[in-house]
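Protein chains in written order, with my numbering: chain D, 1 to 113; chain B, 1 to 114.
Listed next, the in silico DSSO-like pairs over lysine-lysine satisfying Cα-Cα at most 30 Å (straight line): (1) Lys3/B / Lys109/B; (2) Lys106/B / Lys30/D; (3) Lys109/B / Lys52/B; (4) Lys3/B / Lys106/B; (5) Lys69/B / Lys109/B; (6) Lys30/D / Lys3/B; (7) Lys52/B / Lys30/D; (8) Lys13/D / Lys106/B; (9) Lys106/B / Lys69/B; (10) Lys52/B / Lys106/B; (11) Lys3/B / Lys52/B; (12) Lys52/B / Lys69/B.
No wet-lab data here; the hints were simulated from the structure. Since we're looking at a predicted model, the values are computed, not measured.
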Amino acid sequence: DAGVTQSPTHLIKTRGQQVTLRCSPISGHKSVSWYQQVLGQGPQFIFQYYEKEERGRGNFPDRFSARQFPNYSSELNVNALLLGDSALYLCASLQGVSYNEQFFGPGTRLTVL
Amino acid sequence: DAKTTQPPSMDCAEGRAANLPCNHSTISGNEYVYWYRQIHSQGPQYIIHGLKNNETNEMASLIITEDRKSSTLILPHATLRDTAVYYCIVRVGNYGGSQGNLIFGKGTKLSVKP
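Looking at chain B on its own, in the form it has when it is part of the complex (with noise of 0.2 Å):
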């Protein structure tokens, strides 16, 4: 079963911030948050990832808690093309044993609107 808990869905306005929660209360001191996003039709695409620290790269920023129980996804400027299926996924760092397991769950689907 996945470790992380998200909303089924979000709606967000064309042009403003789109912010995704994520609950990884169990998540171990190895393990790393990642988000992946899956738009219909689509293979999933990366987005980013973090272990403790704030993230930011072209796409998104992610922000991860003191305590590590729960991250947020920051789309900072969401365009209609941002619609699409996001997974919250926690895994071990990329060492050792099976790298390719990604355990997704339901994930949130972001609806943006005009």
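If we strip away everything but chain D, and leave its shape as in the complex, we get (with noise of 0.2 Å):
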């Protein structure tokens, strides 16, 4: 079975524009969740969604947001990009709320210049 994919795998933006990212989960999975990797850090809790409601957030500013479709996947959209944006983006699928183990997917690399 394939695992959690997204795209693209990298994304060069400039200051002040706007990127979506995007996201498909294993397949059977309910729940997605948004992380934001910076170089050096541990990922950051961004969003969750769970059957196409937000479940969760992190503390993040409004330019960041998100939704997830009837088939499960997901989007992560960021406007007016900063040069603190620029991280690796990573997507997580989860079964459902009841389970333990978060799938994660091999992120996207967005880079602002």
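Hints in hand, dock the two standalone chains.
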């Protein structure tokens, strides 16, 4: 079975632009979480969605938004990009909110110039 | 902020056991201890979790002290492929609330050497 997939793999944007990152969870998984990982740090939680509803939000500005689609895939949007948004963006798939193990995708490397 | 304290780095000889410590002195009664690892340029990978009893799976063993204020992840026979950053995380169990909220610290960079 395919694991968590994310696209694109790499992305370069300039300050002020907007970006959309995509994630497809493992088949049968209904929950998706997004994390930001800045170089040298551990991943930081951004959002969790379950059954298309937001179930949790980390300490990130309103420039960050996300949504989950009926097929459980998800998009993360970041507006008005800043240099500090340069990071690895990770998507994690969870079968349901009563499961323990999160399965992470390979991430999208975003560089903001 | 992360609720755990881990050494920033450790070395281990290939074939030997790797023992990774974690302090979580403020852990609450309903919080579990989780371990994930992240191999360079990959997403984190779940290893094991536990509440108060010691746990073992095909990857590792988790030893939690009786007062639950610290734990040790044991990789019984480390290989070069175990070189990674290991994260110890405490969080509430799998019911209610924001289930996706794993709070990662900086972890321990384990280097397995030949």
